[in-house]
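*Asks:* Residue-level listing of the chains:
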Amino acid sequence: MKAVIRLLPVAALVLAFSACSSMDLSISNISAIGQGIQKTQEAEQTEFTPEQEYYIGRAVAANLLSTRTVWDNARATSYVNVLERALAMYSDKPETFGGYHVLIMDSDEINAFGAPGGLILVTRGLLRCAANEDQVAAILAHETSHVVLEHGLNAIKQARKTAAYRQLGIAVANTAGGSNVQELTDLFKDSIKDITDTLVNNGYSRDLELQADQMALVIMKRAGYDPRAFDDMLKALGTHIKPGGLDFAKTHPDPKIREAAVEKTLDDQPPLAVPAAAATARQARWKAALGSV
Amino acid sequence: MTKLRLLAAFLLLFASVGAFAAEMSVTVKQTQVRDKPSYLGKILGVLSYGDRVTVVDDSSKAWLKVTGPDGKLTGWVSASALTTKKIVLAAGSENVQQGASSGEVALAGKGFNEDVEQKYKSDGKLDYTWVDKMETYNPTPDQVAAFLQQGGLNTSGGAQ
Numbered sequence: 001m002k003a004v005i006r007l008l009p010v011a012a013l014v015l016a017f018s019a020c021s022s023m024d025l026s027i028s029n030i031s032a033i034g035q036g037i038q039k040t041q042e043a044e045q046t047e048f049t050p051e052q053e054y055y056i057g058r059a060v061a062a063n064l065l066s067t068r069t070v071w072d073n074a075r076a077t078s079y080v081n082v083l084e085r086a087l088a089m090y091s092d093k094p095e096t097f098g099g100y101h102v103l104i105m106d107s108d109e110i111n112a113f114g115a116p117g118g119l120i121l122v123t124r125g126l127l128r129c130a131a132n133e134d135q136v137a138a139i140l141a142h143e144t145s146h147v148v149l150e151h152g153l154n155a156i157k158q159a160r161k162t163a164a165y166r167q168l169g170i171a172v173a174n175t176a177g178g179s180n181v182q183e184l185t186d187l188f189k190d191s192i193k194d195i196t197d198t199l200v201n202n203g204y205s206r207d208l209e210l211q212a213d214q215m216a217l218v219i220m221k222r223a224g225y226d227p228r229a230f231d232d233m234l235k236a237l238g239t240h241i242k243p244g245g246l247d248f249a250k251t252h253p254d255p256k257i258r259e260a261a262v263e264k265t266l267d268d269q270p271p272l273a274v275p276a277a278a279a280t281a282r283q284a285r286w287k288a289a290l291g292s293v
Numbered sequence: 001m002t003k004l005r006l007l008a009a010f011l012l013l014f015a016s017v018g019a020f021a022a023e024m025s026v027t028v029k030q031t032q033v034r035d036k037p038s039y040l041g042k043i044l045g046v047l048s049y050g051d052r053v054t055v056v057d058d059s060s061k062a063w064l065k066v067t068g069p070d071g072k073l074t075g076w077v078s079a080s081a082l083t084t085k086k087i088v089l090a091a092g093s094e095n096v097q098q099g100a101s102s103g104e105v106a107l108a109g110k111g112f113n114e115d116v117e118q119k120y121k122s123d124g125k126l127d128y129t130w131v132d133k134m135e136t137y138n139p140t141p142d143q144v145a146a147f148l149q150q151g152g153l154n155t156s157g158g159a160q
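Protein chains in written order, with this note's numbering: chain S, 1 to 293; chain A, 1 to 160.
The set of hints was computed from the structure by calculation and includes no laboratory data. Since the model is a prediction, treat every value here as computed from it, not as a measurement. Careful: at least some of the hints might be erroneous.
[Stated by the list, open to error] The list that follows gives simulated cross-link-like pairs (lysine-lysine, DSBU-like), each with its CA atoms no further than 30 Å apart: (1) S:Lys189 x S:Lys256; (2) S:Lys93 x A:Lys65; (3) S:Lys93 x A:Lys86; (4) S:Lys93 x S:Lys256; (5) A:Lys86 x S:Lys157; (6) S:Lys250 x S:Lys264; (7) A:Lys36 x S:Lys221; (8) S:Lys250 x A:Lys65; (9) A:Lys36 x S:Lys189; (10) A:Lys119 x S:Lys189; (11) A:Lys121 x S:Lys161.
Work the whole structure out from these sequences, hints included.
*Replies:* So this is what it looks like as structure tokens:
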């Protein structure tokens, strides 16, 4: 027994070293390992990092703003940004690389865009359709959901993403740096075009829109808004949008289709009672901030 | 018997090599460390992109209790601001092209970065004035807390 006990530490040491010995550190192998690392670097990226998503979102927003004017109203802008923060903190992704920010566009067009990373653009025309704060919350919760679900990034064509990941991998392996800025910029430009084309012309698929609607209901409920306001907002949109229009009508499914899906979810939820004082406060601040929208 | 104890200690030490505390990195520009798992909690300090933290409590899904890189600052950070990957920043440079190797490592400033943005911006003659401006719209925690409270909304300060 004593002999066995004496041998045990030795056995443990042998065990410890055998774990290391599986790695052959001869010179030729070190070089092979080096190549392996390089290959790993080149192949490793399969998604955009939050930092890359941030630069993509900024470019998308800059593009959308290049043909639109901003409604520079401090009170309204502050209000929608506080409301957005209140909603985003109850989402599944409360923090992004650069954070969530909202800008109001001076346009009668009924539209909103949730650019990657959390830059949200909403038109005065759309805000005008909302009859109260809860409905504005519905609009912002829907755009926030597109950001959380990374729908903008998904709009980049797969072949382009594959090419971008390859270039991004080379950017890692290429220690000289900067040499592929041109290639990266070309890919960046095409990726931004894929996203803006989707946001402005083609719209997301019906499935993605319905997904964003469902997530918006969750965000609203968590934040303390009655998700029924989302349904009210869709009904209001139904009366305001012009079929065949070049804005929301073109890029979003028929509000009736969205209403049906939302109502199915809301069916088993009891209405949310709001204390009278809170309801009055909400209505008053909404009117003060967006009364002139 | 003493030898048996020694052996037990040795094996324990050996086993503990693999059981190190989880480390994570800050994956957003800046994040606040708070005294409780809530956006309405008191801000104890700020962590920046790439900062390494040690997770000391992961019992909540949406929040992690961490200790900052200096070992002094301990508090709650939103899980959405952290990644298990190690983020490598180049010393003295915002744009990093060189760094470590495995998939566990993300390189700050890699690929679509400020250089690419500058080139894209000048090629397309794009104006980023409003994009930069909108990023300065940051309501204070007090503003948000008052907004939630006055509106009869959820004042827990974030999903748990």
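*Asks:* Hint by hint, note whether the structure agrees.
*Replies:* Do the hints match the structure? See the list:
1. S:Lys189 x S:Lys256: Violated, at about 36 Å.
2. S:Lys93 x A:Lys65: holds (17 Å)
3. S:Lys93 x A:Lys86: holds (20 Å)
4. S:Lys93 x S:Lys256: Roughly 29 Å separates the two Cα atoms, so the pair holds.
5. A:Lys86 x S:Lys157: Cα-Cα ~29 Å, so holds.
6. S:Lys250 x S:Lys264: Holds, because 25 Å separates the two Cα atoms, which is no more than 30 Å.
7. A:Lys36 x S:Lys221: holds (22 Å)
8. S:Lys250 x A:Lys65: violated (46 Å)
9. A:Lys36 x S:Lys189: violated (42 Å)
10. A:Lys119 x S:Lys189: OK: Lys119 of chain A and Lys189 of chain S at ~10 Å, within 30 Å.
11. A:Lys121 x S:Lys161: holds (21 Å)
Checked against the numbered hints above, the structure breaks hints 1, 8 and 9 and satisfies the rest.
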